[in-house]
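Undergrad: With chain U's structure known, arrange chain F on it following the hints.
These protein sequence lines are chains U and F, in that order.
One point on numbering: in the working numbering, the residue at position 141 of the first sequence is 141, and numbering is uninterrupted.
One point on numbering: in the working numbering, the residue at position 294 of the second sequence is 1294, and numbering is uninterrupted.
Hints were generated in silico from the structure; no laboratory data involved.
By construction, the Cβ of each residue, glycine as well, lies at the ideal position given by its N, Cα and C atoms.
There could be a bad hint or two in this list.
To be verified - On the chain F side, residues computed to face chain U include the following (Cβ under 7 Å):
| hint | residue |
| --- | --- |
| 1 | Phe1038 |
| 2 | Arg1046 |
| 3 | Pro1048 |
| 4 | Asp1205 |
As the list claims (entries may be wrong) - Computed footprint of chain F on chain U; a stretch qualifies when at least three of its residues, placed anywhere within it, have a C-beta under 8 Å from a C-beta of chain F:
| hint | region |
| --- | --- |
| 5 | 167-179 |
| 6 | 227-235 |
Next come the chains, spelled out residue by residue.
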Amino acid sequence: MLKDRMIRFGIIGCGAVTEIAYLPCFKRERSFKLTCIVDEDESRARSLARGLDLYYVGKDIEPIYKHVDVVIVAVPNHLHFLIANQCLEAGKHVLCEKPLAITSDECSKLLSSAKRFNVKLAVAHVRRFYQIARIIKRIVDSRELGDLVSFDFEEGTIFNWPTVTGYIFDKAKAGGGVLMDIGVHVLDLLLWWHPYEINSVDYGDDSLGGLEAYAKLHVIFSNGTEGRVKVSRLSALRNRYKLIFENGVVEVEPLVWDPLISKRIHVTKFSETRKKLIKIKKEFPILDLLSDFVSAVRYDDYPLASGEDGLKVIQVIERCYSARRLLPLGWLLSTADASCD
Amino acid sequence: MSTEKAFITGATGFIGGRIAEKLWIDHGINSRCLVRNFSNAARLARLPVKMVLGDVLDRTSIEKGMEGCDTVLHCTYGNTNDSNLNTRINEEGTTNICEIALKKRIKKLIYISSVAVYGSNPPPVVTEETPTAFSDDKYGNSKIRSEKICFDFLAKGLPIVIIRPTIVFGPFSPIWTVGAIKRVLVKGWQNVKGMNGLCNAVYIDDLVDGIFLSINIDEAIGQIFVISGEKPVTWNQYFSEYAQLTESPLPQEISETRRKAKAVLSTWLRTNLSFLRRFFEPQLQRTHSYLKQQKPSLADKIENLISGGIKNNEVRLFSQRTSYSIDKSKQILGYSPGSFQAGMKITIDWLRHHRYF
Chain U
1 MLKDRMIRFG IIGCGAVTEI AYLPCFKRER SFKLTCIVDE DESRARSLAR
51 GLDLYYVGKD IEPIYKHVDV VIVAVPNHLH FLIANQCLEA GKHVLCEKPL
101 AITSDECSKL LSSAKRFNVK LAVAHVRRFY QIARIIKRIV DSRELGDLVS
151 FDFEEGTIFN WPTVTGYIFD KAKAGGGVLM DIGVHVLDLL LWWHPYEINS
201 VDYGDDSLGG LEAYAKLHVI FSNGTEGRVK VSRLSALRNR YKLIFENGVV
251 EVEPLVWDPL ISKRIHVTKF SETRKKLIKI KKEFPILDLL SDFVSAVRYD
301 DYPLASGEDG LKVIQVIERC YSARRLLPLG WLLSTADASC D
Chain F
1001 MSTEKAFITG ATGFIGGRIA EKLWIDHGIN SRCLVRNFSN AARLARLPVK
1051 MVLGDVLDRT SIEKGMEGCD TVLHCTYGNT NDSNLNTRIN EEGTTNICEI
1101 ALKKRIKKLI YISSVAVYGS NPPPVVTEET PTAFSDDKYG NSKIRSEKIC
1151 FDFLAKGLPI VIIRPTIVFG PFSPIWTVGA IKRVLVKGWQ NVKGMNGLCN
1201 AVYIDDLVDG IFLSINIDEA IGQIFVISGE KPVTWNQYFS EYAQLTESPL
1251 PQEISETRRK AKAVLSTWLR TNLSFLRRFF EPQLQRTHSY LKQQKPSLAD
1301 KIENLISGGI KNNEVRLFSQ RTSYSIDKSK QILGYSPGSF QAGMKITIDW
1351 LRHHRYF
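Looking at chain F on its own, in the form it has when it is part of the complex:
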């Protein structure tokens, strides 16, 4: 491994946390991690890493954290409820990281971006050459701007690699694993007629292996790499893997009209429920607990109604037939992901162990 000490931002998160773990477990490399809130650090603290309290908007903490490091893995992104703050974290934060990395003559900076940069209507086959596109997705737009900042610093001499992961699943994945199992538990996934989109899933360890390859290979500097699994599965296949673990098998195929009707009803229910929760939170929780214990099937029906299945703003994602090519990553990095089933098997073991079902 061509790094002796790495500085990781976002190390209390899903991807950054696994990077820190695999650096230590597979390569014996001890990293320094920027930690914004110790309350999220239980997973990271299992490693003998140095945690530096601070965040990407605090230049002093970055300077301190980057001290003595030769590689930077920048995984932080803004996921607060404040969209302005998120933009600052993504853009001003990336600027801070790049400026200080340049000053400290860091050997390589890996920026974890996203395929969200391709916008909401990507073509059937996406490669690194496919143009990025602004859309109504703030996250994707912010990633485009952050990548632009990275390229500006590349021009100034900072050796940067940009990684664009697809749908990352595996242990601790908040959206695509924990979110997925929770979703199927409340029957939140629906088999909608005609909705047969592709899920470009990548197992977290495959992604991290790809990132490590990009650290090792000099040719990677200044390049973008899409990191996905060997081949996509359908979203129905993806959610079926989780549904099989639960007592909530996938529902019968339903029409788009019926999905829409349920989505409208659930939106109405959620809006009213959030109003009621302001005044009756304890009572609602007690009622929910009572129903779960005494009338589980009724509780399931209510949860199902509230969750409402696939929301209107998700239809586009779950209908897309886009494949993300990993040819460039294979060719230049020697990237070679494991099978979807292998990653899913470990994920299922993890879910079982952590009592998610």
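In isolation and in its complexed conformation, chain U is listed as follows:
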């Protein structure tokens, strides 16, 4: 029984996220362990495996099945479906990097496979594990400030992810631009905090046939809550998450590029004059993501970010892309009109 023994992980894909995010967790954590690393570039796999005690390091997937309970799928986006499905069909629990897949059809098929083979499927919507995200979730769920009325999320930075292969800028492989990248995280939080149906989406971006680097959407939920989301790879936007409730406001203070890694969150009750400041202690969201999935696998529980959550985000992104219009950015199109804010 998995409940009684060490959970064994394999990682497929040795890009930057594996090197920067996952491997340090396995070096730190002793309650589960990494046993296999796979990458089509075997030398890359070997270089990441240096110093680790593993059963298998190579480019083939089949040999890892006997050594693992859980597979982390961290390959380029367009391969998520293919590889995750293969692992699910082999009876392995899968934690898939975001996005779960690049179409909702693929996501649905993954959900079916997980059900058919009675295994867990989670998606690395890691923002849910940030303390700030959990605090906001608690405030929304408890209704201590009343219902959510509107929101304004802005997140942007000059892109500097140390992409190893550059697939993220290949339309066919990435499936989308900044919306399919940072946008997945932002939309997941929105849908997690405010789990209502979306009635309408107004969407625009700056793609000229390639991948958008700036995207802006206006969302109206079925309960009337509405707001806007802006994401960018080209500049540091305000990097602010602002949620306006009936009786107060929650605002994440922008200290660093990623607003949810911020160390402070302000909660203002309209009935009180002072803001309440919540300070955040050191946190390890990726480790929490892995621990949560281990727990779901071990005790047959739901992971905090499940395959269903991955599907919901992709459905919204598909709606955005199908409603897409080119934003009237004067500096891009050489027009005097630059009325886009």
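TA: Okay, now just chain F, sitting in the frame of chain U:
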């Protein structure tokens, strides 16, 4: 447009990036771009361009990138921290580009040089006929040598045009727009008595239009063109445009002695700070964040002290009364730049949109 497919080096940069954009937006021409580091490619990736991983020192990647192209726009220059590598990128890289372009019978190669080739003491009026001059500016010296390489290949039959842009501003300009707004935000620009130099500013789209004209006109081959705005503004006017956007209006006029004193103090502070940063980087960042949040005026004063305004090595540039003539570009290319204000208006929209202020 007399090109069907262009090969661009430096396309993840400011000028090369805009060339790729305008080729596609204005002319529907899809380019092939040499990309050294995908981490810088977010802007370029908005276009349906073909990105070829490599650099100007890697001949295989150049061969691959230039395949099927009729025009080369060579915008790369070395801007690393390693001056020897920069020299190799500028000179060996230009040689590689020219050799392969010659072999592939490219119809036209446009080399983006700089008015830095005129050295540190240019005459009051500079034209394409003004002699180049080596100086203490490594960038300018390297551009002179790169131009020489281009002329050697022109003699071998490679159709080359050399473009010498002046101060290029506009969206994504790292020094003269992003750098300028950051500078005024920390009060790094000073109105120094007697320092009334001219800024030969050119809006990026005007420069790119000039470059495209040079592609279209056969007479341009073998020629040098200075590309600047219609007429210069003063540096004070230039920085005022940015300062007006911020809560940091231009300071009162100060004397040269006071500027020097501040420059000395800031140099001393920066030197010590860089030493402290080696050991206390997180603590210093936390303190900075705290001051910005809790004591913004104190934080501004400290930033101002550290930035120190105009540095001694900048005085020459900001004092020069040189005008760069664009008569030849107008006459041969039909170059016709828009007004400084028109370019600045779009630049300001871009800065606002990108939350630089």
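Undergrad: May I ask which of the numbered hints given earlier this structure violates, with the numbers listed in increasing order?
TA: none
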